[in-house]
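Residue numbers (numbering that gives the first Met the number 0), protein chains in the order written: chain L, 0 to 104; chain U, 0 to 104; chain G, 0 to 104; chain V, 0 to 104.
It is worth saying that the hints were derived from the structure and are not from the lab.
Hints are supplied without guarantee of correctness; some may be wrong.
Identical copies carry no separate label here, and so any pair may be met within one copy or between two of them.
As a list, the in silico BS3-like pairs of lysine-lysine whose alpha-carbon atoms are at most 30 angstroms apart [unchecked claim]:
id : residue 1 : residue 2
1  : LYS81     : LYS93
2  : LYS81     : LYS100
3  : LYS100    : LYS84
4  : LYS88     : LYS100
4 protein chains.
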Amino acid sequence: MPESQALDALRQFVLERDWGQFHSPSNLAKSISIEAGELLECFQWSDSPTSEVRDELADVLTYCYLLADRLELDPEEIVLNKLEKTREKYPVEKARGKSTKYDNL
Amino acid sequence: MPESQALDALRQFVLERDWGQFHSPSNLAKSISIEAGELLECFQWSDSPTSEVRDELADVLTYCYLLADRLELDPEEIVLNKLEKTREKYPVEKARGKSTKYDNL
Amino acid sequence: MPESQALDALRQFVLERDWGQFHSPSNLAKSISIEAGELLECFQWSDSPTSEVRDELADVLTYCYLLADRLELDPEEIVLNKLEKTREKYPVEKARGKSTKYDNL
Amino acid sequence: MPESQALDALRQFVLERDWGQFHSPSNLAKSISIEAGELLECFQWSDSPTSEVRDELADVLTYCYLLADRLELDPEEIVLNKLEKTREKYPVEKARGKSTKYDNL
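Build out the structure end to end from the sequences listed, making use of the hints.
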């Protein structure tokens, strides 16, 4: 897996605190949802986010990196793989300029 | 911002389809929550995930990268910044081996 | 719509504070997700919930009632209607004792 | 607990299919988040919901009713109890017309 300063720091942080025991894939998936809700709260009553958006987005990314690591997945790689599937569902000529879901294009 | 093959591919993908118009920070934050729910669904009735976990985690990361880009934030940087704040809330001597929230340590 | 003491109290509460202006269906849907994340946080590291579970479940229900009201829907009625659709997707003889999704039964 | 036609029907539905085994409080809390994400998806790219909003809101309510039942809580009662706490955090004279969170009023 390519080097990532953030992931190295996260691994070290978790190891020092003996927190790996709580980081089952299931608990990490729950954590991603929990933090996604806190990120969304920055936009709860307005389309312009509160200043906490930086830290809340960081929290979602943190748990995503931890889950990817736990499942031995590379974030860059799985995003690129999924993008290829999305490319087939949304060919440019059909999807350009539309927010319609692929099964209604 | 450091090079990221995934982000470059995502930017190109969105540009080709003229989808930037739908990617307000607010819509991207909603999308992160939506995909986090789909990721969680891989663990709905069991702690062992279904095979869709790769693609669902990729979807959450995808929208996180797009939101970071839209807000001119670097994912690595904001994760490291937030980690420093978390380090202060959870000193090793107090937090080691416990899942307790910081206000109850 | 049948009488509901909780809904009456919520309507009064919102009216007194002139908060209806913030309660677009979109904002209420975001709020439901946000509160669902806080409810899930009661189970983040353990299958046994923290004591906040009562209030967090109340928050999800609160926004559900407000959204139903805003869309002129009756909670009891829409739950019963959806149940009929679910009954067709999960006939007892096929679904009994299994957590499998309907498209894999 | 007061009579609720929807809850009675849900209990019967779950019993017939022997699904109670999957309905731990933790799994139900996950389900609420999952369905909240599907509800939010009705508003993903627009403030006007798609037609699925009825069924998606019904799904969130369904799991909320099941979790309340599992924890021996009455939805009406916990909503009213929480409202009293919210009343103290948001006195009319301070909160009227504002979407500000209580710790910033």
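Here is what the structure says about each hint:
1. LYS81 with LYS93: within (19 angstroms within a copy, 33 angstroms between copies)
2. LYS81 with LYS100: Both: 16 angstroms inside a chain and 23 angstroms across chains, each within 30 angstroms.
3. LYS100 with LYS84: both (14 angstroms within a copy, 23 angstroms between copies)
4. LYS88 with LYS100: This pair counts as both: shortest intra-copy Cα distance 9 angstroms, inter-copy 23 angstroms.
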